[in-house]
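Colleague: Put together the whole structure using the sequences plus the hints.
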Amino acid sequence: MATKASQSAARLMMAPAVVLLLGWMLVPLITTLYFSFADFRPLRGVFEPWIGFDNYERFVSSSSFWDAVTTTLVMVGAILAITVTLGVLLALLLDKPMFGQGVVRILVIAPFFVMPTVSALVWKNMMMDPVNGVLSHVWRFFGATPHDWLVETPLLSIILIVSWQWLPFATLILLTAVQSLDGEQLEAAEMDGAPPLKRFWFIILPHLARAITIVTLIQTIFLLSIFAEIFVTTQGSFGTRTLTYLVYQRVLESQNVGLGSAGGIIAVILANIVAIFLMRIVGKNLDA
Amino acid sequence: MGRITLNNITKSFGDVQVIPPLDLTIEDGEFTVFVGPSGCGKSTLLRLIAGLEDMTSGHMEIDGRDVTDVPPAKRGLAMVFQSYALYPHMSVRKNIAFPMRMAGVDQAEQDAKIEKAAAALNLIDYLDRRPGQLSGGQRQRVAIGRAIVREPAAFLFDEPLSNLDAALRVGMRLEISELHERLETTMIYVTHDQVEAMTMADKIVVLRAGVIEQVGSPLELYREPRNLFVAGFIGSPRMNLIEGPEAAKHGATHIGIRPEHIAVSPDAGEWAGKVGVAEHLGSDTFFHVHVNDFAEPLTVRAPGEVSFRSGDTIHMTPDIARMHRFGRDGLRIA
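Line order of the protein sequences matches chains A and B. The first sequence begins at 194 in our numbering and counts up by one. The second sequence begins at 204 in our numbering and counts up by one.
These aren't lab readings, by the way, just hints derived from the structure by calculation. As the structure is a computational prediction, the values presented were derived from the model and not from experiment. A couple of the hints might just be wrong.
Said to hold, decoys possible - List time: in silico DSS-like cross-link candidates among lysine-lysine, alpha-carbon distance up to 27 Å: (1) B/K319 / B/K277; (2) B/K319 / B/K297; (3) B/K316 / B/K297; (4) B/K477 / B/K452; (5) B/K297 / B/K277; (6) B/K277 / B/K316; (7) B/K316 / A/K391; (8) A/K289 / B/K277; (9) A/K391 / B/K277; (10) A/K391 / A/K289; (11) B/K297 / A/K391.
Modeller: Below is the structure:
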């Protein structure tokens with residue numbers, strides 16, 4: 194029904210959604226862009242609409258910038274490694290027929306439904322607390338001195354918390370991929386003399402490659418903007434300040450909107466660079 | 204070498220016994236076809252032989268060696284699956300090389316065997332393609348190539364032609380038969396298509412509900428079906444089975460007569476009936492004839508192009524020497 198009338202009717206009816214989406218995305222982006230070239234410190238009553246690239250220079254040249262970039266990359270990389278590895282193993286496990294399969298699968302998804310703030314608080318106060326935390330009880334049970342997670346290994350702690358949240362997502366996507374593997378292929382490999390580990394390496398893993406790239410891509414996009422978990426636990430101290438958190442500190446703690454906006458724009462650019470890399474990899478895998 | 208002996212084997216899934224105790228010997232170099240309607244346990248039987256399913260009880264031997272508890276890879280059998288089960292992320296070359304790679308065969312020998320198999324199967328030009336870029340027939344050949352390079356004691360085929368179109372199927376049927384003649388290796392072939400069974404087999408095993416109904420060469424089954432089931436299953440179009448008074452005349456509960464063993468005449472014969480549907484194949488014509496006293500229409504073959512029309516009355520005479528008689532228990536009366 195692609196007549197001219199129906200086409201223009203379709204356009205008309207899509208217009209509100211498109212305008213809304215555009216506004217939603219473009220207005221904040223343009224405002225940020227505008228502020229990033231301004232000296233805007235509202236509490237001091239300073240507003241200079243154009244100071245060129247000063248904000249960008251200051252943001253990039255501060256020592257905390259490169260630390261934040263490193264922290265972000267380490268955090269995202271570690272979380273990806275943990276969720277994908279455990280996700281593959283869990284998916285293989287959940288694929289096996291067992292008693293109570295449906296219930297177990299729902300339980301596995303559960304962490305994904307917990308809000309980041311809540312789960313970070315729960316982990317901080319109930320799991321990792323050096324006095325009352327579940328983990329410290331476990332440590333004491335084995336006669337060890339409880340580990341003060343968030344003080345001694347803050348980055349690792351946050352990585353663990355976020356991995357716990359994202360593991361269900363990875364597991365779920367990988368589980369559907371495992372289920373789509375043709376059983377005859379595994380049987381053929383078995384007859385061809387491939388023991389279980391080799392079947393995993395030569396048949397299952399290549400089959401999962403596409404799902405793994407998709408998990409990686411989607412998670413990276415979301416993980417680059419981790420905020421609540423850091424805010425609730427370490428407040429960005431002890432080397433847990435990611436780029437996102439640095440931007441937040443510049444805007445709200447230093448009350449320097451211009452500097453923070455510049456940081457935001459840099460973060461957007463960096464995220465896009467990462468995304469382009471990942472898209473390339475995904476594209477390669479999708480061709481195959 | 205590949206003489207396979209099954210002794211008293213059974214298979215149960217939970218409480219359901221799909222294969223009651225079964226004995227079978229497959230001689231070295233024989234082309235054996237398991238045939239039967241779907242759900243008759245023929246694929247299960249093949250998978251038991253392959254080792255992909257565990258037997259519930261019984262023993263299996265290959266060349267006198269007990270392999271009942273030997274894992275599939277060590278039985279020295281190669282299998283071609285219905286879906287071909289090629290590894291989609293590997294090139295044709297790597298697919299064929301896979302079993303040798305798992306066995307740790309050295310590279311030079313691998314290459315030599317791949318070249319040989321590819322030449323035999325017309326795959327030389329496709330070695331660097333992936334399975335996704337091949338046609339159904341080519342994929343089938345790759346699957347066979349992957350089986351050949353292992354130099355197995357026996358080949359197992361699980362309905363390998365059922366995913367191909369009719370024309371290709373006839374061609375592949377021929378290729379597999381030729382392959383068997385060249386390699387002289389034992390082959391076990393599962394199909395539900397009795398035409399495939401008749402054309403390819405040295406020995407046909409007819410199965411129903413896990414039970415072997417009859418074992419024999421294609422012509423033995425055609426000439427002397429042991430019971431009603433085999434009689435109805437082997438032959439195309441199927442044998443006419445007649446019960447009631449007409450059968451009693453010949454001292455049987457059922458009589459069977461194949462469409463090709465009934466003579467047709469326009470004016471005189473033992474049975475008279477009205478022509479229903481006519482199927483003109485050119486070389487033959489099959490008529491479905493409604494005879495008054497019979498429950499089902501008779502299928503009758505007339506050679507060449509015969510010009511009876513629907514509604515005509517024709518007369519038919521069965522060839523008594525080729526009539527099959529079956530008793531109350533469904534078994535053949537000699």
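Colleague: Now, for every hint given, state plainly whether the structure supports it.
Modeller: How the hints compare with the structure:
1. B/K319 / B/K277: Measuring from Cα to Cα gives roughly 24 Å; hence the hint holds.
2. B/K319 / B/K297: At roughly 14 Å apart (the allowed maximum being 27 Å), B/K297 and B/K319 satisfy the hint.
3. B/K316 / B/K297: holds (12 Å)
4. B/K477 / B/K452: It holds: about 22 Å lies between the C-alpha atoms, which stays within 27 Å.
5. B/K297 / B/K277: holds (21 Å)
6. B/K277 / B/K316: holds (20 Å)
7. B/K316 / A/K391: holds (22 Å)
8. A/K289 / B/K277: The hint holds at about 25 Å.
9. A/K391 / B/K277: OK: A/K391 and B/K277 at ~16 Å, within 27 Å.
10. A/K391 / A/K289: holds (18 Å)
11. B/K297 / A/K391: Holds - the C-alpha atoms of A/K391 and B/K297 are around 15 Å apart, at most 27 Å.
When the structure is compared with the earlier hints, no violation turns up for any of them.
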